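Asker: Chain by chain, the residues:
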Amino acid sequence: MNKQAQAVIMLLFGGAILKASLSDLYLRYVKEGLRPFLIGAGLLLVAAAVLTLWYDLRGKAQAHGEHHHEPKVGWLLLLPVLGLLLVAPPALGSDAAGQAGTVLTAPGTDSDYPALPPGDPVDLGLLDYASRAVFDGGRSLTGRNLRLTGFVTPGPDGEPMLARMVMSCCAADGRPIKVALSGEVPAAVPADTWIQVVGTWTDRTAQDPVNDAKVPYLQVASWQEIAAPKQQYE
Amino acid sequence: MTAPEDVTERRDGAPGDDTDRTPAPPAPPDGPAPGRRVGSVEILAVLLVLLVVFRNPLAELVSAPRLQTWTTVFVSVLVQAVPFLVFGVVLSAVIAVFVPRSFWARALPRHPALAVPAAGLAGVVLPGCECGSVPIAGSLIRRGVTPAAALAFLLAAPAINPIVLTATAVAFPGNPEMVVARGVASLIVAVAMGWLWLRLGKAEWIKLPARPHEDGSRLKAFVAACRHDIMHAGGFLVVGAAAAATINVVVPERWLQTLADNEALSIIALAVLAVLLSICSEADAFVAASLSQFSLTSRLVFLVVGPMVDLKLIAMQTGVFGRRFSSRFAPATFVAAVLVGTGIGAVLL
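Quick note, the sequences are listed as chains S and D, same order. Per the UniProt record's numbering, residue 1 is the first one in the first sequence, and the count goes up by one each step. Per the UniProt record's numbering, residue 1 is the first one in the second sequence, and the count goes up by one each step.
Isolated chain D, as found in the complex:
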């Protein structure tokens, strides 16, 4: 039987504020397969033929050095993210289809205020990039986990896990306190954002896209959930990767040099850079290490902000949770991460 997935789906938002719900003509509710003018398979076929035919002019088009660097960075961000995306999508489909609702009620503390830190700590053990945790958090909310706890998990999972902390230790061999500062600051931000959501968050801000309801076997429902999330989260990942590649190529590092001397400016500069560059959380420590002209505190802020707010993540969160959510959540997380990162840096570094 089909899993009752629709309980937490909210369809009461203003029309047209969901990203992929353009005002499509009302779908024929039932009956034979809708007769469409030109099917998407045909469009796809024509597109592919055109691409193959115009292959050489296309390659010519991106042969300028700067454009070539853009293409390399764009492709590499995606290639790097694909295993994490697929892993996250499969795990979120497992949560959606195979893990019973009652499991989460038992696994997490009943009181939401306690469930938040528990979920934050659960994020510590899941090694992964931020691309995987977005669909997983969406799936948790669908399955009845309180959004505050799912959001704490969303923020904590990519920021503090064994791989990321090890990478930080390797990148800062002379400053082991950096690892502690990163872990503590990230966990505080994740839990604080969860609690903030409990106080101020509104359920109607989160608008999970309608997942297809599949009749029949669980495997069929599983495949449908995977397909939907890959197309959806994957599409937004492409948007984020393109934005990150653009920033990577357009913003010369030289500009940063002039900001490094002023502590307040350098913190803000590196926080913004973390958002724009959208580097995978497993690699950002190495980039932070190479920004050696900046203070340790400003580099800590870079490491705390990056896994929680970046272009790629904002695009994916908009896709999975809706625009009303991401337009509030991302700026709030940014501010919290900058403040906590600066505070912890002042104390520990």
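In isolation and in its complexed conformation, chain S is listed as follows:
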């Protein structure tokens, strides 16, 4: 591969990174906090590509015929370009959620759950709901109408569950948080559909067969389909 081809690949790679980080595309793959670094890295890649081209074209005039073994493996950088610009795969969904165990792990020793904010129903994250339900015995949840948002994923018994992926760095470490549903269960909704459910806490729990962690239930009163949120990870 000569320098011009390398420059074009760097330009495409940097451009793909820039395009993903300037739109909301990057949120499907990494945390929001990485954005400034992605933009910086994309700009540096583009700058390196432009300077390479400039030196190469200017150098042609002086015609120094050095020939180097340039890294062939660099061709592979076209794959992420292809992935970002042409395919742009969706955020992790029910397929990944079914593969891994729910992320609910034992809390710290001084787990103290403050009262829920006002609101009827009150919006609650899945992870927050699950840890309050399992580790706090639902104390802070009783008597409240709760609204949870997530995607539908088939549970081990075939019943639909509510799930969301929890990501700490990038989608490779994405782990699901699962909440089982009882009552007005959204039956016959295809997997990966985003829904919002309103319901109340119940002390029923199930066990995730993948890692034996507890999965709390939610007694559903109503539910509705919604569009996928901008930030799909929790």
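Just so you know, these hints were derived from the structure itself, not from any lab. Be a bit skeptical, because a hint or two may be false.
Stated by the list, open to error - Residues from chain S that face chain D, not an exhaustive set, calculated with beta carbons under 10 Å:
#1 VAL30
#2 ALA96
#3 ARG144
Said to hold, decoys possible - Listed next, the stretches of chain D that the computed footprint assigns to chain S, with coverage defined by at least 3 CB atoms under 8 Å from CB atoms of chain S:
#4 231-239
#5 270-282
Claimed, not checked - Sample of chain D residues lacking proximity to chain S, with all beta carbon distances greater than 10 Å (derived):
#6 GLY183
#7 LEU219
#8 PHE334
These figures come from a predicted structure and were not determined experimentally. Ideal Cβ positions, reconstructed from N, Cα and C, are used throughout, including at glycine.
Chain S is already provided as a structure; the job is to place chain D on it using the hints.
Answerer: Chain D only, in chain S's frame:
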């Protein structure tokens, strides 16, 4: 003037054991630009046109759920690594072009056995992912730093820095001793591997790829070093990301469940998993926390092995240091990390 980069480059290895040196036809030493049949720019152009034309069939091809998960994980590993890769490449180009050789002689203790722990501790202050430290370590060796010290830095930098240790503390709120155990075990492995290299390592195992020699301005040399490392380390990063995504999708977590009950088995299982998953060192603590069915010691081993040996790193080390190096260094580091991690876990956890 051009920086004298070639002093530590070794060209005496067996032919064909360098990864990107396929037996190319002998290059015309001088003269006008070599007349080639089909240039790489033309190949690239045709490839791009084909990709755009067949965009829809391609998207169709990866629409199966499992394949889609693979693509998502593959792309996200790369997107996550890009800032660290670019940062590492730029820093390594700065080391190669702008930092004089004499600096390293002054900055590190003269005796190699002392330079190793010093370099290991220097790794502590550099926050970053493992993708950045590979090109930096390569650059340090080029600039005359003793390989043992550069390797200690390579292992220590991603494993023990403030960001990684903070993440570990957040992931294990009930076990602050995990942070101490991780830091101590990782530093011991890094320094031990450096000293092991001093005793057993052979200089000819490390074969740094020939960097282009640029005449003219320092900026030109800087750009050339950046371009070369991005294409090289970046290409191998793609290989590693693809391997990690495959493991991520193919190995169901359920298999692990059966191993968790036996302590020895679970240590080995999590050590191997750390190699296969290739999770960024800033995130692996959260994954370890979610593997709650395993003992703390086996999860410590997961955290010690992961930043030092994983598929992505092995691919990049093969690219930057050569196959003869990585085929020896990676298994040795793996064994050292498992032993030290288990020992520290037995004492501290």
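Asker: Determine for every hint whether it applies to the structure shown.
Answerer: Here is how each hint holds up against the structure:
no.: 1; hint: VAL30; verdict: holds, 5 Å
no.: 2; hint: ALA96; verdict: holds, 5 Å
no.: 3; hint: ARG144; verdict: violated, 26 Å
no.: 4; hint: 231-239; verdict: holds (count 7)
no.: 5; hint: 270-282; verdict: holds (count 5)
no.: 6; hint: GLY183; verdict: holds, 19 Å
no.: 7; hint: LEU219; verdict: violated, 8 Å
no.: 8; hint: PHE334; verdict: holds, 20 Å
Hints 3 and 7 from the earlier list are contradicted by this structure; the remaining hints agree with it.
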